[in-house]
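Asks: Mapping the sequence shown onto the working numbering, position 85 (from 1) lands on 179, and the numbers just tick up by one.
Keep in mind the hints are simulated off the structure, nothing from the lab. It is possible that part of the hints are untrue.
As the list claims (entries may be wrong) - Quick list of the computed label-pair ranges, beta carbon to beta carbon:
(1) F261 with S161: 37 to 43 Å
(2) S233 with L212: 18 to 24 Å
(3) L264 with R235: 15 to 21 Å
(4) P136 with I112: 23 to 29 Å
(5) V248 with L164: 22 to 28 Å
(6) I149 with A241: 20 to 26 Å
(7) Y125 with T310: 20 to 26 Å
(8) N106 with A152: 41 to 47 Å
(9) A241 with E307: 27 to 33 Å
(10) F155 with P218: 25 to 31 Å
(11) N106 with F187: 35 to 41 Å
(12) P218 with T188: 17 to 23 Å
What you are looking at is a predicted structure, and each value in this text was computed from that prediction instead of being measured. The beta-carbon is built from N, C-alpha and C at its ideal position, and this holds for glycine as well.
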Amino acid sequence: MTDLHTAAPWKNSTKITIAALIALLAIAAYYVGITGLFATDPSQQFRPIGLAVIIPVALFFTAYALSSRLRTFVLAQDLRTLTMLHHWRVLGFTFLILYAHDIFPAAFAWPAGFGDILIGFTAPFVVTRLARNPAFATSRRFIAFHALGLVDFVVAVIAATLTSGAFPDLVEGPLTSGAMEVWPLNLFPSFFVPLFIITHVVVLLKARELRREARTPANAGLQAA
């Protein structure tokens, strides 16, 4: 099995490219938020802010499908580092603070906040298990953790849509999730969420390749020996 502890080092050109792409996404998120480009009437069921999540992820999948260099780069990344990045999602408690200050409704803040806190709190334990046993990367539990991280975003998006004001018969009350569509809170759907989704996807893609590698006759024979 591929050694998870020997991830390919990044070249300077790679570091510059990644930094430039992240900076570009941050600038785009700032522009979208400060101009209210994706802000819309509360009664509108289609929430354009969702495009801020979909477009970067779709571009990643397109590039991954078309570029063999990107596929090689993705599959050379350290799963521990990528998984540990999700520890930052403990910042989901921000949603609970905003709920306490009557900025977000409970129907949005609770699932979005507690979901992120759960993933963020669990990430170090997953990384510790992975460091002790690299084969854990092919386990159902490891894959389930990252799948759950993606599901958390789906739940948050659904909750944000339902509490946007477009469905008054389902969710009543004066508070909406509309603040997520403008600066500075649009940083969550326009910047952080796409990046976290892409890291989840990268991990799952590599885990899939490791599982395939583990099932090959040559590796199966080595493990049996």
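Asks: Each hint: holds or not?
Replies: How the hints compare with the structure:
1. For the pair F261 and S161, the supplied restraint of 37 to 43 Å holds, since their beta-carbon distance comes to about 40 Å.
2. With their beta carbons about 19 Å apart, S233 and L212 fall inside the hinted range of 18 to 24 Å.
3. Checked against the hint of 15 to 21 Å, the pair L264 and R235 fails, with Cβ atoms roughly 35 Å apart.
4. Between P136 and I112 the C-beta distance comes to about 37 Å, which lies outside the given range of 23 to 29 Å.
5. About 25 Å separates the C-beta atoms of V248 and L164, a value consistent with the hinted range of 22 to 28 Å.
6. In this structure the supplied range 20 to 26 Å holds for I149 paired with A241, their Cβ-Cβ distance being about 22 Å.
7. Here the CB-CB span from Y125 to T310 is close to 47 Å, at odds with the stated 20 to 26 Å.
8. The supplied range of 41 to 47 Å is broken by N106 and A152, whose beta-carbon atoms lie about 28 Å from each other.
9. Between A241 and E307 the Cβ separation comes to about 20 Å, which falls outside the hinted range of 27 to 33 Å.
10. The hinted window of 25 to 31 Å between F155 and P218 holds, with their beta carbons roughly 29 Å apart.
11. For the pair N106 and F187, the beta carbons lie near 37 Å from each other, so the given range of 35 to 41 Å is met.
12. P218 and T188 have their C-beta atoms about 20 Å apart, which keeps the hinted 17 to 23 Å range intact.
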